[in-house]
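2 protein chains.
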Amino acid sequence: MTPANFSPVPLDKSYRLLNHGPTVLVSARHGGVTDVMAAAWACVLDYGQTPRVTVVLDKATHTRELIETSGAFALQLPTRAQLALTVGVGTDSLHTMPDKLMRHGVQLFEAPVGDVPLVAGCVGWLACRLRPEPHNQQAYDLFIGDVVGAWANEQVFRTGRWQFDTAPDDLRTIHHVAGGQFFVTGAAVQA
Amino acid sequence: MTPANFSPVPLDKSYRLLNHGPTVLVSARHGGVTDVMAAAWACVLDYGQTPRVTVVLDKATHTRELIETSGAFALQLPTRAQLALTVGVGTDSLHTMPDKLMRHGVQLFEAPVGDVPLVAGCVGWLACRLRPEPHNQQAYDLFIGDVVGAWANEQVFRTGRWQFDTAPDDLRTIHHVAGGQFFVTGAAVQA
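Order-wise, the sequence lines are chains A and B.
So the first sequence is numbered by the numbering used here: it starts at 25 and just counts up by one.
So the second sequence is numbered by the numbering used here: it starts at 25 and just counts up by one.
In isolation and in its complexed conformation, chain A is listed as follows (with noise of 0.2 angstroms):
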């Protein structure tokens, strides 16, 4: 079941949701198996009507290997409400803790295109399709997503902008800097 406020975003504005840089979840699913890891290296790629998205991947993480058999992962923004999820699934693996997502509270529901599981009580989600590039895997530990389906948090994204300024705080999306250290998503200014 999708959650309150679920809404989809048009493909061509998708870019919005990750263009001031927030730390991201990246969930992927292979055969039964499901993990959720935290980035804070992901980033916009390109948008229009080619929107990519490039995320960093650490060989020693199990999401990775789940994105390289299935060729699918999601993005999705957590919210100062979940910094403590956030951290707990960053630090924690499912090699070593089987049942890492149930202690980290990570409730999941599936994507309405895509074929991955997102995470719930986030504020953004990209569905991507894992674009190959072994190089860049194998040298970078980087990898490229076509994003191929979007929604967000009414609440917090509508008309194509987000709206924080006019929704609860603990919706505000997060940006990682180190050792569990974050800023907030703060005022919005104009130029």
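Worth double-checking, as some hints may not be accurate.
[Claimed, not checked] A short list of chain A residues far from chain B (calculated; beta carbon distances all over 10 angstroms): (1) 27; (2) 29; (3) 32; (4) 83; (5) 84; (6) 134; (7) 156; (8) 161; (9) 172; (10) 201; (11) 209.
[Claimed, not checked] Here are the simulated DSS-like cross-link-like pairs (lysine-lysine), alpha carbons at most 30 angstroms apart as the crow flies: (12) B:83 - B:124; (13) A:83 - A:124; (14) B:37 - A:83; (15) B:83 - A:37.
[To be verified] Coverage of chain B stretches by chain A, computed from C-beta distances (three or more under 8 angstroms per stretch; other residues unrestricted): (16) 57-70; (17) 73-80; (18) 123-132; (19) 144-153; (20) 164-176; (21) 185-196.
Worth flagging that the hints you see were computed from the coordinates, not collected in a lab.
Cβ atoms here follow ideal geometry from the backbone N, Cα and C, with glycine treated the same way.
Keeping the supplied structure of chain A fixed, place chain B upon it in accordance with the hints.
Then chain B, alone, in the frame of chain A:
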């Protein structure tokens, strides 16, 4: 002359300048020509002993040409006080506006290492050597740089950490969404 409060950042901590996903200015120089552009699509690629960054540079930009010929560039973090400058250098091209930098009030100084000009008034700087990857550059406009020098304004970044909460608000970094709308880097929170 380097600006006041310009202070070196150890290379193994340099990723912390970019980890929270701010919008950057990209500077480069070749044959006596200097250009500066804005880029929201810049990201950490690696840290520790091999600090690296990615940045997406459209084929239409003059800055990209300068980087391809010189093999050097810098990423630097503009502040809330530099919103207009950031949008200005991100909108106008040196191709059609030869005095672009002067018009937008860009003041430059020389990086201590890296043979690249830096933009005054920013709060973090990463001097990079281009790591040629022709396929990425052609197919995705994606450029990889090895970080060879890093500096920060010690009013806002010292002992390896951002200290926005104790500095003037005008020195906060900024995160572009679209159409000149930015978010300021907000409150620090610890998981």
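### Query
Which of the numbered hints are not met once you compare them with the structure shown?
Violated: hints 10, 11, 18, 19.
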